[in-house]
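Student: Fit chain B to the known structure of chain A by using the hints.
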Amino acid sequence: MTSAISVDGLEVIFDRFRALKGVRLDVQPGESFGLVGESGSGKSTLLRAIAGLAPVASGSIAVNGKTLGARRDKAFYREVQMVFQDPYGSLHPRQTVDRLLQEPLAIHGFADGEKRIQRALDEVGLGNGFRFRYSHQLSGGQRQRVAIARALILEPSILLLDEPTSALDASVQAEVLNLLEEVRRRRKLTFLMVSHDLAIITHMCERLMVMQSGEAVENLAANDLVERRVSKDYTRNLLRASDGFVRTA
Amino acid sequence: MSHDPNQQRSTSALLDVEDLRVTFPTRTGLIEAVRGVSFSLGRERLGIVGESGSGKSQTGRAIMGLTPPQARISANKLAFDGIDLLSVSPRERRSLRGKRIAMILQDPKYSLDPVMSIGRQIVETLRTHEKVGKAEARDRALAMLEAVQIRDPARVFDLHPHEVSGGMGQRAMIAMMLIAGPEMMIADEPTSALDVTVQLDVLGILDRLVGERGMGLIFISHDLRLVSSFCDRVIVMYAGKVVEQLKASELGRAQHPYTRGLLNCMPKIGADRHPLPVLDRKPEWAA
Chain A
874 MTSAISVDGL EVIFDRFRAL KGVRLDVQPG ESFGLVGESG SGKSTLLRAI
924 AGLAPVASGS IAVNGKTLGA RRDKAFYREV QMVFQDPYGS LHPRQTVDRL
974 LQEPLAIHGF ADGEKRIQRA LDEVGLGNGF RFRYSHQLSG GQRQRVAIAR
1024 ALILEPSILL LDEPTSALDA SVQAEVLNLL EEVRRRRKLT FLMVSHDLAI
1074 ITHMCERLMV MQSGEAVENL AANDLVERRV SKDYTRNLLR ASDGFVRTA
Chain B
68 MSHDPNQQRS TSALLDVEDL RVTFPTRTGL IEAVRGVSFS LGRERLGIVG
118 ESGSGKSQTG RAIMGLTPPQ ARISANKLAF DGIDLLSVSP RERRSLRGKR
168 IAMILQDPKY SLDPVMSIGR QIVETLRTHE KVGKAEARDR ALAMLEAVQI
218 RDPARVFDLH PHEVSGGMGQ RAMIAMMLIA GPEMMIADEP TSALDVTVQL
268 DVLGILDRLV GERGMGLIFI SHDLRLVSSF CDRVIVMYAG KVVEQLKASE
318 LGRAQHPYTR GLLNCMPKIG ADRHPLPVLD RKPEWAA
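Chains as they are written, first to last, in the working numbering: chain A, 874 to 1122; chain B, 68 to 354.
Pulled out of the complex, with its shape left as it was, chain A reads as follows (with noise of 0.2 Å):
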């Protein structure tokens, strides 16, 4: 079978800094993949990387059995959607949401516009009622939402999740991670979301793989991060600093 994202050898270098050193990735179609590490790691140049966001070097990236070249055409963003961390500085803010959601619509040349984006505003729980408003009338949770029906208005068979909840609180955090999981399920859909929390990236995904300044720590199932499986001291940290404070007497 054919990867759904395929990396191989990727090194991304900004001025002189180098923020990737050769990274290797493998994401099946369907997968729920996790990168996690601290700031600094790489994690979300690596997604961005895959977008197209980001310098590349050297090395390569497939989607769909399909190498990438150093633009992104329009094809690939068909297949390829990212939602980002922060909410409140991913919407235009003097765009409306029935603007927000139009653009990509008419960059691709979709015709059935209106209906899509009803039915994009249903999926993400959002209903008619939010399609004429300005993104500051909008609850953080409310526009995660409208940065995630963003995403899925052009069925794209792979999101890109950049710590989509972070800047959520817990209560809405739990909300959103439903959402997604819920519309993965219903449109088979393929997950690349990088975290720095280790509890969420085991609850959404099935593989995951640590970073650790710019390199690959290991890879793991979610499962082996459960039953603390792991081999190298920087994951153990990791799990250790996910458990909270202890106070050393």
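No lab work stands behind these hints: they were computed from the structure.
Incorrect hints may have been included.
Pulled a few chain B residues facing chain A out of the computed Cβ check, cut under 10 Å [stated by the list, open to error]:
| # | residue |
| --- | --- |
| 1 | T264 |
| 2 | L293 |
| 3 | S295 |
| 4 | S296 |
| 5 | F297 |
| 6 | Y325 |
| 7 | N331 |
| 8 | H341 |
| 9 | P342 |
| 10 | P344 |
Here the structure is a predicted model, which means the values were calculated and not measured.
In this text, a Cβ means the ideal position worked out from N, Cα and C, and glycines have one as well.
Tutor: Below, chain B alone, put in the same frame as chain A:
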């Protein structure tokens, strides 16, 4: 007045808050951010937990005296070590702030002065509140940087905030807040901007220093689990009110549906719950 037995009790508490209200006038009417919060703090670690808009930060700011000027504060009692914070002069309030009550903010990137070296900022705090010579102030600042486990204090002393990492910046912030030897510290999401592993280091430092110096600590956070692993007692706020107060060790026995919902809705390693339970907000919680 000092014969009043209640007064006697309150002098043993560091901070007494009774029916605190913070109201903001807006174009569409008054917004009550804090609606009748009461608690007292001894030399202990108290956590205030709530989601955005619950009034937890405004409670901390009101105690610190950092509420924006257009807001109105009222309280039956807002007393620090027997001093009525609502009736003291701005000048006295200023002398308390930094000297006896300190506050740590969320993100060192924004709360430190970007154009002043870290060392100078710490020395400035110290010399504002105590009469000390330049050389002694420098020595004490270096010692304080060492106390917050900065390995090379002399080097960090001369660095500017943009030259250090988030964890290092937050340590410098803690050093700055502790240098005048405050009796009470308010920490508003002190570790939310940090990586989890760095978060634990910073909490460890805070824990040790608060314990050693016998300070009272108010730890404001959205993270119920983190707070309960760190604090002695937890106050849970919702829509400007305290919905529940409990010992951190008894969090598992929380009564209020909001507290329980908040605990439940977080993904946990090893708990296979699909979908996650979500909070069903009841209007009567805010009543």
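Student: Against the structure, test the hints numbered earlier, and report the numbers of the ones violated in rising order.
Tutor: No hint contradicted; all consistent.
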